[in-house]
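Visitor: In case you want the letters, here they are:
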Amino acid sequence: GESVGLHLPTLSVQEGDNSIINCAYSNSASDYFIWYKQESGKGPQFIIDIRSNMDKRQGQRVTVLLNKTVKHLSLQIAATQPGDSAVYFCAEADFGNEKLTFGTGTRLTIIP
Amino acid sequence: DTGVSQDPRHKITKRGQNVTFRCDPISEHNRLYWYRQTLGQGPEFLTYFQNEAQLEKSRLLSDRFSAERPKGSFSTLEIQRTEQGDSAMYLCASSFAGTSGRGSYEQYFGPGTRLTVT
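Going down the list, the sequences are from chains G and C.
If you're matching positions, the first sequence starts at 1 in our numbering and goes up one per residue.
If you're matching positions, the second sequence starts at 1001 in our numbering and goes up one per residue.
Some hints could be false.
Only pairs whose alpha carbons sit at most 30 Å apart, straight line, appear in this in silico DSS-like list of lysine-lysine [said to hold, decoys possible]:
id: 1; chain 1: C; residue 1: K1014; chain 2: G; residue 2: K42
id: 2; chain 1: G; residue 1: K42; chain 2: C; residue 2: K1011
id: 3; chain 1: G; residue 1: K56; chain 2: C; residue 2: K1011
id: 4; chain 1: G; residue 1: K56; chain 2: G; residue 2: K68
id: 5; chain 1: C; residue 1: K1057; chain 2: C; residue 2: K1071
id: 6; chain 1: C; residue 1: K1057; chain 2: G; residue 2: K71
id: 7; chain 1: C; residue 1: K1011; chain 2: G; residue 2: K71
id: 8; chain 1: C; residue 1: K1057; chain 2: C; residue 2: K1011
Estimated spans, in silico, between C-beta atoms of each pair [stated by the list, open to error]:
id: 9; chain 1: C; residue 1: I1012; chain 2: G; residue 2: N53; range: 39 to 49 Å
id: 10; chain 1: C; residue 1: D1063; chain 2: G; residue 2: T10; range: 18 to 28 Å
id: 11; chain 1: C; residue 1: T1076; chain 2: G; residue 2: M54; range: 32 to 42 Å
id: 12; chain 1: C; residue 1: S1005; chain 2: G; residue 2: P9; range: 22 to 32 Å
id: 13; chain 1: G; residue 1: N18; chain 2: C; residue 2: E1078; range: 38 to 48 Å
id: 14; chain 1: C; residue 1: G1072; chain 2: G; residue 2: N18; range: 36 to 46 Å
id: 15; chain 1: C; residue 1: T1013; chain 2: G; residue 2: N18; range: 41 to 51 Å
id: 16; chain 1: G; residue 1: N18; chain 2: C; residue 2: T1076; range: 40 to 50 Å
id: 17; chain 1: G; residue 1: P112; chain 2: C; residue 2: N1051; range: 40 to 50 Å
id: 18; chain 1: G; residue 1: K68; chain 2: C; residue 2: Q1017; range: 24 to 34 Å
id: 19; chain 1: G; residue 1: S40; chain 2: C; residue 2: I1012; range: 39 to 49 Å
id: 20; chain 1: C; residue 1: L1060; chain 2: G; residue 2: Q14; range: 38 to 48 Å
id: 21; chain 1: G; residue 1: T69; chain 2: C; residue 2: Q1084; range: 21 to 31 Å
id: 22; chain 1: C; residue 1: T1002; chain 2: G; residue 2: G59; range: 19 to 29 Å
These are calculated hints, taken from the structure and not from any lab test.
None of the values given here were measured: they were computed from a predicted structure.
All residues carry an ideal CB built from backbone N, CA and C; glycine is no exception.
Could you put the whole structure together from the sequences, leaning on the hints where they help?
Guide: Next comes the structure, spelled out in structure tokens:
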């Protein structure tokens, strides 16, 4: 079946450096993508989203890039802080499909 | 706090017992979703409601699972005759769908109920 997956299960980054978290998706009908951050013992927290008619979207310290040709999504976090340590999930949905399909997550660890 | 709330946060039960979880969505949100998350995995969709109507159920939702949203506000998820494989985090999320019927994909999640079946 269609699935969303992540390239790397863990990522360690020095505090202050930029982080890049990657995600591959397989459903070519997907038209909406979201990045969530999940801290231990908490529910997923919305970070940023992007629709398929865009290839880049920026938020506060975060940028999402979408490459539909290779079905690849990335989340860039600028100037990482200790509070950025968490598991990051990408999720996708297609038009009219109300459910989100999540990948398995990448654990980001910030090294002080 | 006006976010999504879930109760209880933790539940330990013996195999074969019934459990019920509650979710209170963000007040103006008309869509409510249930997901299940096991350790190291992303959330998996179980079911969702538009107001009080249950519009989709995943094949993961066996006959032992039932969800309700009787007044279009809070929702309950009941698991009957629990099994050890039911141990997971049960997440609730809500969103707002406009009059066009198209949903808002921006789903806001609650803190989850962690179920442990012994």
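Visitor: Which of the numbered hints above does this structure break?
Guide: 3, 7, 10, 18, 19 and 21
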